[in-house]
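Participant: Protein chains in written order, with our numbering: chain S, 1 to 363; chain X, 1 to 363; chain L, 1 to 363; chain R, 1 to 363.
Just so you know, these hints were derived from the structure itself, not from any lab.
Some clues are possibly wrong.
Pair by pair, the computed Cβ-Cβ distance ranges are [claimed, not checked]:
id : chain 1 : residue 1 : chain 2 : residue 2 : range
1  : S       : P359      : X       : K363      : 50 to 56 Å
2  : S       : N72       : R       : P166      : 42 to 48 Å
3  : S       : K272      : X       : L147      : 16 to 22 Å
4  : R       : P166      : L       : Q198      : 51 to 57 Å
5  : X       : R96       : R       : D61       : 52 to 58 Å
6  : R       : G115      : L       : D170      : 44 to 50 Å
7  : L       : G115      : R       : E151      : 26 to 32 Å
Straight-line C-alpha distance at most 27 Å; calculated DSSO-like pairs for lysine-lysine [stated by the list, open to error]:
id : chain 1 : residue 1 : chain 2 : residue 2
8  : S       : K257      : X       : K63
9  : S       : K87       : S       : K48
10 : L       : K269      : S       : K363
Here a beta-carbon is modelled for each residue, glycine too, at the ideal position from N, C-alpha and C.
Each chain, letter by letter, is given below.
Protein chains: 4
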Amino acid sequence: MDNSLGKFFTITSFGESHGDCIGIVIDGCPAGLAISVDDIQREADKRKSGARALTTARREDDKIEFFSGIFNGHTTGAPICLIIWNKNIDSSEYDRMKDLPRPGHADFTAMMKYGRFNDFRGGGRFSGRITAGFVMAGAVARKLLSLVGIEVLAHTVEIGGIAARPKSLDEIRKNTGQNEVNCADPVAAGKMARAIEQAGQEGDSLGGIIEGIALNVPVGLGEPVFDTLEGDLAKAFFAIPAVKGVEFGSGFGAARKKGSQNNDPFAIKAGKIITLTNNAGGIMGGISNGMPIVARVAVKPTPSIAKSQPTVNIKTMKIASLAVRGRHDACIVPRAVAVVESILAITLCDFALRAGLLPRVIK
Amino acid sequence: MDNSLGKFFTITSFGESHGDCIGIVIDGCPAGLAISVDDIQREADKRKSGARALTTARREDDKIEFFSGIFNGHTTGAPICLIIWNKNIDSSEYDRMKDLPRPGHADFTAMMKYGRFNDFRGGGRFSGRITAGFVMAGAVARKLLSLVGIEVLAHTVEIGGIAARPKSLDEIRKNTGQNEVNCADPVAAGKMARAIEQAGQEGDSLGGIIEGIALNVPVGLGEPVFDTLEGDLAKAFFAIPAVKGVEFGSGFGAARKKGSQNNDPFAIKAGKIITLTNNAGGIMGGISNGMPIVARVAVKPTPSIAKSQPTVNIKTMKIASLAVRGRHDACIVPRAVAVVESILAITLCDFALRAGLLPRVIK
Amino acid sequence: MDNSLGKFFTITSFGESHGDCIGIVIDGCPAGLAISVDDIQREADKRKSGARALTTARREDDKIEFFSGIFNGHTTGAPICLIIWNKNIDSSEYDRMKDLPRPGHADFTAMMKYGRFNDFRGGGRFSGRITAGFVMAGAVARKLLSLVGIEVLAHTVEIGGIAARPKSLDEIRKNTGQNEVNCADPVAAGKMARAIEQAGQEGDSLGGIIEGIALNVPVGLGEPVFDTLEGDLAKAFFAIPAVKGVEFGSGFGAARKKGSQNNDPFAIKAGKIITLTNNAGGIMGGISNGMPIVARVAVKPTPSIAKSQPTVNIKTMKIASLAVRGRHDACIVPRAVAVVESILAITLCDFALRAGLLPRVIK
Amino acid sequence: MDNSLGKFFTITSFGESHGDCIGIVIDGCPAGLAISVDDIQREADKRKSGARALTTARREDDKIEFFSGIFNGHTTGAPICLIIWNKNIDSSEYDRMKDLPRPGHADFTAMMKYGRFNDFRGGGRFSGRITAGFVMAGAVARKLLSLVGIEVLAHTVEIGGIAARPKSLDEIRKNTGQNEVNCADPVAAGKMARAIEQAGQEGDSLGGIIEGIALNVPVGLGEPVFDTLEGDLAKAFFAIPAVKGVEFGSGFGAARKKGSQNNDPFAIKAGKIITLTNNAGGIMGGISNGMPIVARVAVKPTPSIAKSQPTVNIKTMKIASLAVRGRHDACIVPRAVAVVESILAITLCDFALRAGLLPRVIK
């Protein structure tokens, strides 16, 4: 079940970049959640925004359709199938490249693993477009989490080495959607946008770092020793193409701190035990500790670039050079923000159902 | 099945730090692997070495026993149960702390999740001692992988901010076991050891970074979109207590590179397609690409420190201060090297069986 | 993942009887299988035939569509989504019955489990129509199995107490599709058909027994102690609505035999070890023994009957009586034959992939 | 994970008939269950009783030991490992038979699947002794279920063609443990015992039918379409060696009834909706309906008989004849009663946890 994720709130992904559609089946969603196509559409549109303005990326309406699991405006407890159709497809460029794996891209491993049967058009199953399914499922997950007060956010914290200054939760909530890079720091956002534009003009691309935050997660989600909150979140984040690193709280920075610096002192606030700092990123021993969950994912620069790069023709086994043409984002970080948010919501939903925090039928 | 990992080579962990034993059940090991207690013991002893010299850590013989799955010196295809007994136990210090969660430790979340039933002695299920089971399973996994030429290594690359200089594979193989911090750079190793000693004397602790490497992994292991090599490895690494970050190849560094810098150019070597650099860490699109798999995990400093820290008595709900006494490593990085190596081997074994690279019965 | 079945060849079912469509996602199908919509359509049409002639059952074109996983006429290794659209829907009768659970039907448990959110139209997820998805997946599975010479058959062996006489494999192959009850014994078939007709005229219904057979299954499929061939087949058969019993080989009859009668003596034929009888139904210790796999499933009579029956109005909590109107088969056994065949094929496919009998990429 | 069963209350079986021990790991047991070794021992002893008097079967003390998961007399939420040691072992007879598969036994398939690595001693993993682990886990499950008022029973309803007369629940509770065949009908019990004795004297064996009953199961357990109560129970029952058939309620008898006879009319009793008959065996649409769950399993006659039978020497590939010597029950039905009861309890526990009927921590 390589294409399924989650034990209790299980998503199954299908569809290819240039196939008929991108789809997701959600199994395990409680009955009784009021949800409409518009609720999903709003979230899915986030994934399209942002970098949109900066790039010549493929434009799709991406109108969402429900195929099952909804009756009278509510979930029924049955599997929910959600679809967006692929239109506006031009696979000609991929025909040209089908024996020329793009450096840095999954082309090569896909060719080797699936051989001549690999659906290479638009990157097939390895396209970032697959994450449209994650975002549809994420919209359902976020709605479920909101029932128990859990809020999930994500924002760009770094692009091309340009780091956003730390911002308050309110600023993150308010500013993130206001600029084309989904960054809470408007000054950095401007610089990031210009850097992306310039990289694009140079036929190059940029990477960055996205931070996901979950608020009001109660103490106790996560199941050691293997089904930890960190472990399951990390596994899910790595399903986003281009993610090469995941950290929680102080993360790699923790490796350079002393215990006395990195340990979060306990205190009492409003009758509840809290920690004064959050180096743990809200997770201790794989279990949520009631503080905000903070995860950061490293996104590598888009491998498809216009600059010429050395590759090998897998048929002729001769060295070749490849300059990728067509509609590729010079930086996918802004669009991936909605995906990080979705993956965070989906995984928390899974743990919330597992822990009985969410009911099987919503009254 | 929170305590099970892997779909094809499945390990199930049981036992507590101060219970009768630490155990692991391996399900899915092919029949016909020649293996002895000594094979396992050798690997398990690695976990004990290293920091041992530097600390007053608990000393156990940790003699391994097979309980099942072995007949006439070979695996039978049946579940293999491996055990080490817990001896030399002193739980008195934990009685003192049972209402005082150690800052930075899983004590708090364990207390909250399992209530008064939590086995707090020695950290119970949240103790690093649980990883002894991972190492026993890792020894079996490494032996299996060696049948198809896959070699798995791990070494300390950073402790307390002291970074090892890059070393060749030969140096890593040769030097790592030669010093008490399991570092391939002897000069850095000396500095790391002194830093650990000093931190210990200050009642403090240090974290660090461990690198795991797998060589000769053929192209094609990993199952997108969710059961990716990176995702499943990351999930498994986060089962090691104190791990707060995982990255592959250029990892978080990729976020600061341009596509033209981070993409690994393809080339031909000895008739095979290789990449000239390995920023991908041997994994593209979640699938191994034939290059060395390179993962790095960030280990936070040991939370149990002798320095006094603020905490809260969960019974009285009053602020307290806690100085942890007893046998705690000032840095667990050196001992965790064998665990990282084991987790890497276990997960690769799972994928190798899944891909049919390893047979169900070894001839 | 209640709506997913299988570990290696995994099917995920979605859709409702009166929703937009019935769908199935197949994950784990090897790349390189040549398959067309027509291949699937042919199998799916079997499910519609038979009782068709005898009943006023809902008539659907049930034209199958591929949504993903097929490229250039071959499977790609990606999830295959298959759909049939629901048309010709009239839910008015179900509106009338929505507070009146049909005796013998899942209406009651569905109402109680999912409350007012249950999609009751046409039985929703509990309709026999859901099995159309199983048959689509079964068609793919049968094509895969045929690559390794495995043949899967099913036929009606009893309806309304009328038992077919034992028939040879050739007769089963030849006769089963030739009559409206899918029975290999033409004489019994005629009686069965008349019994169904009469039951229908009386406003009543009949049950029966279906036998599934798999030929040329090599020795060694099945994974004790829990993932046995019998266990996984039985679990899968019970997903067919109305199945209330499953047995293998001599089955319940074995309970009345002596060991000396029930044990199958070993012998040698064409250099291979066979058994002279097949009371084991081709399965010993949960593992295939190379003989034909023989399973029988008991199908209860259709609960939806025109005769008046006592029920309870779940809203008013008053006793009521219900005579079910509309298009219900007086016996679903003939239509379920294709479903039994499909389930058998799907489960064997799962074990064949698990055992490495089928490759991940078909050359 | 062939040796694991259950998603929420997961048991992992290890150990062989003539290995060191038989063990079971229970993962997912709620914290806070008061349990002692004696609680388990009492249930485990049931498996040994009964036929004991009738046979020369292996005698073991089977003293149970806890290895993990228990602290201060309560479960902790951590995996519980339970063990019985194997003593009183004599493998000489198995050495004699190691190339001579016993007709009707798993010897042949085990030899073929695992080759020369198969642990054939005492039947290895295919021995009925493995079920001692199921009974240990069943004892924990029954204790959990008792917290929510669910009672689980099993009794022999047929041996060697001798059927017990139907008995009331009170008689089943009272009589079952009173005779050596675990039958609620004392008259039939006497006949069964004599039939077993005679079969044993003739060097032959008998099979039979066991009925499992679960009382006070609330409406709503079971997860269609695949994780049905019937499907998961059937899968679990088939893990008991010698089981060849499983049916629920009227089972195979339903195939011969009309809808008007087999449908259970609804009625109201004490303000709750009940059915007047229980042909459904307490399960409709795969979901419990509040009535007693009734399952019957067919147990084939013990394959190991003293009568001479034709077999094949798998090394020489020559026809041979085999008369099995040693301590084999002439009928395992009486001992399997405790196993059926255990499997029923374990599976219901899984569904009870899944449905949130049992908490994760028992207050």
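Participant: Just tell me: holds or violated, for the beta carbon distance of P359(S) and K363(X) against 50 to 56 Å?
Facilitator: holds (53 Å)
Participant: Between the beta carbons of G115(R) and D170(L), is the distance compatible with 44 to 50 Å?
Facilitator: Once the Cβ atoms are compared, 35 Å apart, the range 44 to 50 Å for D170(L) and G115(R) is violated.
Participant: Does the Cβ-Cβ separation between K272(S) and L147(X) fall within 16 to 22 Å?
Facilitator: This hint is violated: roughly 54 Å between Cβ atoms.
Participant: Holds or violated: are the alpha carbons of K269(L) and K363(S) at most 27 Å from each other?
Facilitator: violated (65 Å)
Participant: If you check the beta carbons of P166(R) and Q198(L), does the distance land in 51 to 57 Å?
Facilitator: Once the Cβ atoms are compared, 32 Å apart, the range 51 to 57 Å for Q198(L) and P166(R) is violated.
Participant: Between K257(S) and K63(X), does the CA-CA distance stay at or below 27 Å?
Facilitator: violated (35 Å)
Participant: 26 to 32 Å was suggested as the range; check whether the CB atoms of G115(L) and E151(R) agree with it.
Facilitator: holds (27 Å)
Participant: Should the hint that R96(X) and D61(R) are 52 to 58 Å apart at their CB atoms be regarded as holding?
Facilitator: Between R96(X) and D61(R), where Cβ atoms are some 40 Å apart, the hint is violated.
Participant: Are K87(S) and K48(S) close enough, with their CA atoms no more than 27 Å apart?
Facilitator: Answer holds: K87(S) to K48(S) is near 15 Å, not above 27 Å.
Participant: Given a hint of 42 to 48 Å, does the C-beta separation of N72(S) and P166(R) actually sit inside it?
Facilitator: Taking Cβ atoms as reference, N72(S) and P166(R) lie about 45 Å apart, which means the hint holds.
The earlier numbered hints that this structure contradicts are 3, 4, 5, 6, 8 and 10.
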